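> Construct the complete structure from the given sequences, taking the supplied hints into account.
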Amino acid sequence: MKNAMQKIFSWFDERYDVTPIIDFASKKKVPVHRHMIWYYMGGVTLFLFITQVATGILLLFYYRPGADSAYESMRFILTKVNFGWLIRSIHSWSANLMVFFVFVHMFSTFFTRAYQKPRELTWLTGFILLALSLGFGFSGYLLPWNELAFFATKVGTDIAGSVPLIGKPIMAILRGGEDVSGATLTRFYAFHVAMLPAIFTVFVGIHLPFVQRQGMSEPEELAKMGENEKKVMNFFPNFFLRDALLWLIVLNVLLFLAVFYPWDLGFKADPFSPAPAGIRPEWYFMFMFQTLKFIPPHVLVFEGEVVGILLFMLAGLAWALVPFWEIKSKSRGLTHPMTIIGLIALVFIGVMTVLGYIF
Amino acid sequence: MKSDQRVNGSSRRKFLNILIGGGLLGWVGSVLYPIFSYLNPPEIPEANVNSIKAGPASDFPLNQGKILKFGKKPVILIQMNAGEFKAFTATCTHLDCIVQYRQDTKQIWCACHNGVYDTNGRNLSGPPPRPLDEYKVNIINNEIIIINPAS
Numbered sequence: 001m002k003n004a005m006q007k008i009f010s011w012f013d014e015r016y017d018v019t020p021i022i023d024f025a026s027k028k029k030v031p032v033h034r035h036m037i038w039y040y041m042g043g044v045t046l047f048l049f050i051t052q053v054a055t056g057i058l059l060l061f062y063y064r065p066g067a068d069s070a071y072e073s074m075r076f077i078l079t080k081v082n083f084g085w086l087i088r089s090i091h092s093w094s095a096n097l098m099v100f101f102v103f104v105h106m107f108s109t110f111f112t113r114a115y116q117k118p119r120e121l122t123w124l125t126g127f128i129l130l131a132l133s134l135g136f137g138f139s140g141y142l143l144p145w146n147e148l149a150f151f152a153t154k155v156g157t158d159i160a161g162s163v164p165l166i167g168k169p170i171m172a173i174l175r176g177g178e179d180v181s182g183a184t185l186t187r188f189y190a191f192h193v194a195m196l197p198a199i200f201t202v203f204v205g206i207h208l209p210f211v212q213r214q215g216m217s218e219p220e221e222l223a224k225m226g227e228n229e230k231k232v233m234n235f236f237p238n239f240f241l242r243d244a245l246l247w248l249i250v251l252n253v254l255l256f257l258a259v260f261y262p263w264d265l266g267f268k269a270d271p272f273s274p275a276p277a278g279i280r281p282e283w284y285f286m287f288m289f290q291t292l293k294f295i296p297p298h299v300l301v302f303e304g305e306v307v308g309i310l311l312f313m314l315a316g317l318a319w320a321l322v323p324f325w326e327i328k329s330k331s332r333g334l335t336h337p338m339t340i341i342g343l344i345a346l347v348f349i350g351v352m353t354v355l356g357y358i359f
Numbered sequence: 001m002k003s004d005q006r007v008n009g010s011s012r013r014k015f016l017n018i019l020i021g022g023g024l025l026g027w028v029g030s031v032l033y034p035i036f037s038y039l040n041p042p043e044i045p046e047a048n049v050n051s052i053k054a055g056p057a058s059d060f061p062l063n064q065g066k067i068l069k070f071g072k073k074p075v076i077l078i079q080m081n082a083g084e085f086k087a088f089t090a091t092c093t094h095l096d097c098i099v100q101y102r103q104d105t106k107q108i109w110c111a112c113h114n115g116v117y118d119t120n121g122r123n124l125s126g127p128p129p130r131p132l133d134e135y136k137v138n139i140i141n142n143e144i145i146i147i148n149p150a151s
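Here the protein sequences come in this chain order: A and B.
The first sequence begins at 1 in the numbering used here and counts up one residue at a time.
The second sequence begins at 1 in the numbering used here and counts up one residue at a time.
Please note that the accuracy of each hint is not assured.
A partial selection of chain B residues facing chain A, derived with a Cβ cut-off under 8 angstroms [claimed, not checked]:
| # | residue |
| --- | --- |
| 1 | 39 |
| 2 | 40 |
| 3 | 41 |
| 4 | 69 |
| 5 | 72 |
| 6 | 99 |
| 7 | 112 |
| 8 | 113 |
| 9 | 127 |
These are calculated hints, taken from the structure and not from any lab test.
On a predicted model such as this, the values are computed, not experimentally measured, just so you know.
Ideal Cβ positions, reconstructed from N, Cα and C, are used throughout, including at glycine.
Next up, the structure:
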């Protein structure tokens, strides 16, 4: 048996020279320190993405896009298809957990300042992946064609439409017409199952090799130490097995949530009924939604929502470009200006999200 | 002689670069233009609706609102006091949600962002920037008829 494996390997090695890759993998080290737990967050996100692809493909076997068929096919999946409820529930829970871990991964990178030189482009591709994840969430939310999703999409696309100059054409392209209708659903379907996965895969394909090429970012105090003082761990098998164990734990949490807290389908969307009370977007858009509620109808001569969305776009752009304008400082811990900026962002998002669920 | 050749060569290279670069740009344009045009949804001509019938006035409940289809647009019809009908576009001027009539406060309310209008369609509180457009309501032989004021 072992001999046969070796034969296959050497057949391969002879043709494709895989030894350098094996060599690289076997020498790969992971720094050991008290903040190393954050190293696992990107991996968990990747695992959840793989789960999304797998369950998403399974859902495609029964889902039928269209204003007259989407909700009905979802009900069919939930009530008639064997384990349909489970696959759908895992897809919804995994989507939410994935966005959550994208944010955790992003903030941990921010607070450990791992975005600094030479990892600027890793940060930037990561930010693009975050934006794409939100796009996945927004487009996937509409697909069951229920009441909540319908109005969330109306509001979300209308916000996009309020951007000066380019807003209206973007809104028309998103909606596939003037209003949110069956045409919007087919478009969101195309975004969700074809366009976004393709683009996302390309950026994951850039993001991960960047990480491999440069290795793990080390905290400042560790980077200053000599090579012999540093504590390190082999990636294979030590870190890899820990990663695998965590993935297994996440899978179990996912199954627990999907089985005991299955996701609701809600009521079918009706374009001619009032928005129900308690309408709200998915939790990761809540802070923006809530901020828009607080902005008065008019700020100077502009409409409030225009000001709001421009501010959010500006903040997003600044966040994406953090490695290029970062404020350098000798101070450490909580007094570092970048830490303060990060905490302000975190507190703002947290407070607005909580307020969104209270009011 | 030699430098002549080089001048000649470099200008030829420049020419070719412009030609190839321009050709490439033209190619990118001719690929992207149809794609964006394709994504931009075509205008679907629709019959212009100028008025709709909303049933017998005597059957319409008091102090209640109802969302009606006015062509492709939703309209809210309210009866505040007996025989006193009002109709507005049901689309909130804030972010496109559909409003509802609240019996408890006798106001028009949008659940999405807590926008409040009075029964004249004026925006009272919350984020809506403009009043709701009003539609004319006529009652002819007990039949409610809603008319688009723009027609």
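> Would the hint on residue 127(B) stand, with a C-beta cut-off of 8 angstroms toward chain A?
With a closest approach of 5 angstroms, the residue 127(B) hint holds.
> Regarding the hint that residue 69(B) lies at the interface with chain A, is the smallest CB-CB distance below 8 angstroms?
6 angstroms, holds
> Can you verify the interface hint for residue 99(B): is its Cβ closer than 8 angstroms to any Cβ in chain A?
At 6 angstroms from the nearest chain A Cβ, residue 99(B) passes the 8 angstroms test, so the hint holds.
> Residue 39(B) was flagged as interface toward chain A. Is the shortest Cβ-Cβ separation under 8 angstroms?
5 angstroms, holds
> Have a go at the residue 72(B) hint: is there a Cβ in chain A nearer than 8 angstroms to its own Cβ?
Holds: closest Cβ of chain A sits about 7 angstroms from residue 72(B), inside 8 angstroms.
> Can the hint on residue 40(B) be confirmed by a CB-to-CB distance to chain A that is less than 8 angstroms?
Result: holds, 6 angstroms to nearest chain A Cβ.
> Go through the hint on residue 113(B) and say holds or violated, using the shortest Cβ distance to chain A against 8 angstroms.
Cβ of residue 113(B) sits 5 angstroms from chain A, so the hint holds.
> Using the nearest Cβ pair, does residue 112(B) come within less than 8 angstroms of chain A?
5 angstroms, holds
> May I ask you to test the interface hint for residue 41(B) with respect to chain A, counting a Cβ-Cβ separation under 8 angstroms as satisfied?
5 angstroms, holds
Checked against the numbered hints given earlier, the structure satisfies every one of them.
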